[in-house]
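Start from the sequences, fold in the hints, and give me the full structure.
Respectively, the protein sequence lines represent chains G and B.
Its first residue numbered 0, the first sequence is counted upward by one per residue in numbering that gives the first Met the number 0.
Its first residue numbered 0, the second sequence is counted upward by one per residue in numbering that gives the first Met the number 0.
Keep in mind that a hint or two might mislead.
What the hints assert, rightly or not - Below are the DSSO-like pairs computed for lysine-lysine, each with C-alpha atoms no more than 30 Å apart in a straight line: (1) B:K14 - G:K291; (2) B:K212 - G:K2; (3) G:K69 - B:K277; (4) G:K2 - B:K14; (5) G:K102 - B:K113; (6) B:K2 - G:K14; (7) G:K23 - B:K5; (8) B:K2 - G:K23; (9) B:K5 - G:K140; (10) G:K102 - B:K49; (11) B:K2 - G:K5; (12) B:K49 - G:K5; (13) G:K5 - B:K333; (14) G:K277 - G:K333; (15) B:K23 - G:K5; (16) B:K50 - G:K333; (17) B:K102 - G:K113; (18) G:K212 - B:K113; (19) G:K14 - B:K113; (20) G:K317 - B:K212; (21) B:K291 - G:K140; (22) G:K2 - B:K5; (23) G:K2 - B:K2; (24) G:K5 - B:K5; (25) G:K333 - B:K5; (26) G:K50 - B:K5; (27) B:K14 - G:K69; (28) G:K5 - B:K50.
Said to hold, decoys possible - Short, incomplete list of chain G residues facing chain B, as computed with Cβ under 10 Å: (29) K2; (30) V12; (31) R13; (32) K14; (33) I22; (34) Y32; (35) H34; (36) D127; (37) H344; (38) A345; (39) A346.
Calculated directly from the structure, the hints in this document are not laboratory data.
All C-beta atoms, glycine included, are put in the ideal place defined by N, C-alpha and C.
Number of protein chains: 2
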Amino acid sequence: MFKTSKVVFSPRVRKTPYFDSTIKYGAQSFSVYNHMYMPVSYEGPVEDYKKLLNGVQLWDVGVERQVQIKGPDAEALSQFLTPRNIKKCSIGQAMYTPLVDFKGGLLNDPVMLKIDADCFWFSVSDGDLILWVQGIAAGYKFDVEVDEPDVSPLQVQGPNSTKLMTKVFGDWVSDLGFYKFKEFNHQGIPMIIARMGYSKELCYELFLQDHSKGNELWEILWQAGQDLNISPGSPNIILRVEGGILSYLADIDRTNNPYEVGLDWAIDLDQEDDFIGKDALRAISLKGLEKKLIGAEIQGDPMTVFNEESWPVLIDGKRVGSMNAAVYSPRLNKNICYVILDIEHAASGQEIIISSPEEELIAITVDIPWLNRVRD
Amino acid sequence: MFKTSKVVFSPRVRKTPYFDSTIKYGAQSFSVYNHMYMPVSYEGPVEDYKKLLNGVQLWDVGVERQVQIKGPDAEALSQFLTPRNIKKCSIGQAMYTPLVDFKGGLLNDPVMLKIDADCFWFSVSDGDLILWVQGIAAGYKFDVEVDEPDVSPLQVQGPNSTKLMTKVFGDWVSDLGFYKFKEFNHQGIPMIIARMGYSKELCYELFLQDHSKGNELWEILWQAGQDLNISPGSPNIILRVEGGILSYLADIDRTNNPYEVGLDWAIDLDQEDDFIGKDALRAISLKGLEKKLIGAEIQGDPMTVFNEESWPVLIDGKRVGSMNAAVYSPRLNKNICYVILDIEHAASGQEIIISSPEEELIAITVDIPWLNRVRD
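Have a look at this one:
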């Protein structure tokens, strides 16, 4: 279970367009993400996880704000912002695009959508990335407009998600490739429909483009899902760790470079174009890593409480790293977690001690992910 | 009362250095501010308010993160960032410095501390202002380092605050001028001690410079306050509205320019130096305002529930603005609120209808603040 207190609802933190639906269908606890309330639990993380695996779920991820870059220099600025080579991204395609600062530290890890030749969206993790993009655009004189458009994503997750999506929006959805999207208007509700992947499960993301229609969209999907085991859910920490998915600010932050957290594949130092952090990342890649994120399996009974902060990792009584996210995975029947370890210890098969506030836990390091995502 | 749900504690959102003390002394509900948990209520906003007025309170405002600008161009960049003329700010002085974007919209409203000739802190409201400052610094080639230092403010509020501060830190504190500060080390705890003002009440702010010593600092003050009616508190919405203090993202945001929310006094268009938004603010000042923030007093019984979002304001059935923050003030014995109205209605003495989800409330507009702050 999560440890909780009360959260106050006040106008400083906004509600997503699906907020009333999340309350109606039983959201029991919230966090705050990008200045908005995000439901994080309905019947509890384990029950929510089990229901997802046996049907289809609606996840209110309206907290994923979009940074829209539009104008003649939109592609040039987008490339300047990320070490990923985006030249091969076609219109209607999405890409995972980590962003780093001038020292190579991770600023955010958005999914980028190429909406048009001169229009890109960055669907951001927790952080006011728009301030960075606007500051960079102004200072480096890119000819673009940078705004937050009226877009509020809703995810459709789980093994029955394709059935639900085709039932509501048509058979064309089943032909959508991995990380591909199309604009679609359903009964006057404008949106972009994408095939995405938060975990190893099937997943679609509906980028609603009219915030006044959030509860209407939720209800259409809810009613259509009655014979498909539909339930409400939220970005689930058990699914996340099983799939090796990183959560910005929980698992990684600006003190991490992309190499040490396994994002090598998203960095292209050989591309001709310059990008923010290129020199820093080259220096890091030449010098070698000081620490590395890896998985670990914790021995003992199934864990029932999630860590509220990172816990120290010890070998022979000496601190060698930290543990960021630990869960019990019912389908693996294992306690699994992420650790960031000093590089000399960051190999699989290593015994480590994780020092929780209550006891010292014994764990063995392993490679991640435990479960691979479904791709084409 | 506040309407509440549960908030989950997870590693994505950080705890302040005073978190354990806030739990120990009875924090009942939290919000999230700058990616950190902020206590917002102990015995409820009305009880907390009454206790403040009869003693002294400790407020955990560790969520106020500092953006530190250091280097040869620190003053030049600080001036470029704000419309306020900071040339008269001396070392050891603080200034309220609203920041605007290139269109004149309010980006944040920090208090700036001039730590040294080449070092400035911006103590920020809710928002990752550091991303803006770093982007601007890089793009416009200012020779500075921009970081978030290890600083976590704690406020000492209320009529007995000077007694508590002098008892613990010495008589020199009573000589601190309004918005003046000094570095001080107390029993190995490094901090900057400032005389500040959140409300009309006496207020000091301790900028703790070692996060490992938050609970130790809290306990020293707590024990010393036992004969001074000490209690735990938090930035109190009743005090805030009484004093005409604005809360960024609750009352004002990027859709507002400083003129329409009463911050004219902080704008200097005549200074020689350029600053971000100068052209836009000049255009706004020439064109005149379209809307304006003003106070209003709501008739009827004392309000017992705080609004969760802004409510529409009507005149003759037509929407003319919105109501952002309403409270019952026990010492004024009035329901008071902020409204932002179309400019033709933004004068005192106007009858308006505030359309709450439950009923239509009748209110009369008034000038703000209701209570002035204590200054030298």
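Here is how each hint holds up against the structure:
Restraint check: the Cα-Cα separation between K14 of chain B and K291 of chain G comes to about 25 Å, which is no more than 30 Å; the hinted pair holds. Of the supplied pair hints, the one linking K212 of chain B and K2 of chain G holds, its CA atoms being roughly 24 Å apart against a limit of 30 Å. Between K69 of chain G and K277 of chain B the CA atoms are separated by roughly 24 Å; this keeps the pair inside 30 Å, and the hint holds. Taking the CA atoms of K2 of chain G and K14 of chain B, the gap is near 14 Å; set against the 30 Å cutoff, the hint holds.
Of the pairs offered as hints, the one joining K102 of chain G and K113 of chain B holds, with about 26 Å between alpha carbons and a cut-off of 30 Å not exceeded. With a CA separation close to 14 Å, the supplied pair K2 of chain B and K14 of chain G stays within the 30 Å bound. Between the alpha carbons of K23 of chain G and K5 of chain B the distance comes to roughly 15 Å, so the proposed pair stays at or under 30 Å and holds. Between K2 of chain B and K23 of chain G, the direct Cα distance comes to roughly 16 Å. Compliance with the 30 Å bound is thereby established for this hinted pair.
Distance check on the hinted pair: K5 of chain B and K140 of chain G sit about 45 Å apart at the alpha-carbon level, beyond 30 Å; violated. Between the alpha carbons of K102 of chain G and K49 of chain B the distance comes to roughly 49 Å, so the proposed pair goes past 30 Å and is violated. A hinted pair counts as satisfied when its Cα atoms are at most 30 Å apart, and K2 of chain B with K5 of chain G qualifies at roughly 10 Å. Distance hint between K49 of chain B and K5 of chain G is fulfilled; the C-alpha atoms sit about 22 Å from each other, no more than 30 Å.
The suggested pairing of K5 of chain G with K333 of chain B holds, with an alpha-carbon distance near 28 Å, which does not exceed 30 Å. Between K277 of chain G and K333 of chain G the CA atoms are separated by roughly 39 Å; this puts the pair beyond 30 Å, and the hint is violated. Only pairs whose Cα atoms come within 30 Å are accepted, and K23 of chain B paired with K5 of chain G is accepted, the gap being roughly 15 Å. Under the criterion of a C-alpha separation no larger than 30 Å, the hint pairing K50 of chain B with K333 of chain G is inconsistent with the structure, at around 50 Å.
For the hint pairing K102 of chain B with K113 of chain G, the CA-to-CA distance comes to about 26 Å; that is within 30 Å, so the pair holds. Restraint check: the Cα-Cα separation between K212 of chain G and K113 of chain B comes to about 48 Å, which exceeds 30 Å; the hinted pair is violated. Distance check on the hinted pair: K14 of chain G and K113 of chain B sit about 37 Å apart at the alpha-carbon level, beyond 30 Å; violated. Under the criterion of a C-alpha separation no larger than 30 Å, the hint pairing K317 of chain G with K212 of chain B is consistent with the structure, at around 23 Å.
This hinted pair does not check out: K291 of chain B and K140 of chain G have alpha carbons roughly 33 Å apart, beyond 30 Å. As the CA atoms of K2 of chain G and K5 of chain B are separated by approximately 10 Å, the hinted pair is consistent with the 30 Å bound. Using a Cα cut-off of 30 Å, the hinted pair K2 of chain G and K2 of chain B holds, with the two alpha carbons roughly 20 Å apart. Annotation: proposed proximity of K5 of chain G to K5 of chain B holds, straight-line Cα distance about 4 Å (limit 30 Å).
Restraint check: the Cα-Cα separation between K333 of chain G and K5 of chain B comes to about 28 Å, which is no more than 30 Å; the hinted pair holds. Our distance criterion of 30 Å between C-alpha atoms is met by K50 of chain G and K5 of chain B, whose separation comes to about 21 Å. Taken as a hint, the K14 of chain B and K69 of chain G pair is broken in the structure, with Cα atoms around 37 Å apart against an allowance of 30 Å. For the suggested pair K5 of chain G and K50 of chain B, the alpha carbons sit about 21 Å apart, so the restraint of at most 30 Å is met.
At about 5 Å, the closest approach between the beta carbon of K2 of chain G and any beta carbon in chain B falls short of 10 Å, and the interface hint on this residue holds. Below 10 Å, beta-carbon pairs count as interface contacts, and V12 of chain G has one with chain B at about 7 Å; its hint therefore holds. Because the beta carbon of R13 of chain G sits about 8 Å from the nearest beta carbon in chain B, less than 10 Å, this interface hint is met. Proximity of K14 of chain G to chain B holds as hinted, the smallest CB-CB distance being about 7 Å (cut-off 10 Å).
Taken as an interface hint, I22 of chain G checks out: its beta carbon lies about 8 Å from the nearest beta carbon of chain B, inside 10 Å. Annotation: interface hint on Y32 of chain G holds; nearest CB of chain B at approximately 8 Å, less than 10 Å. Given the 10 Å rule on beta carbons, the hint for H34 of chain G holds: about 6 Å separates it from the nearest Cβ of chain B. For D127 of chain G, the suggested interface contact is upheld, since its CB lies about 4 Å from the closest CB of chain B, less than 10 Å.
Against a cut-off of 10 Å between C-beta atoms, the interface hint on H344 of chain G is violated, since the closest Cβ of chain B lies about 21 Å away. Hint status for A345 of chain G relative to chain B: violated, with the closest Cβ pair at about 20 Å, above 10 Å. The beta carbon of A346 of chain G is not positioned within 10 Å of any beta carbon in chain B (closest approach about 24 Å), and the interface hint is therefore violated.
The earlier numbered hints that this structure contradicts are 9, 10, 14, 16, 18, 19, 21, 27, 37, 38, 39.
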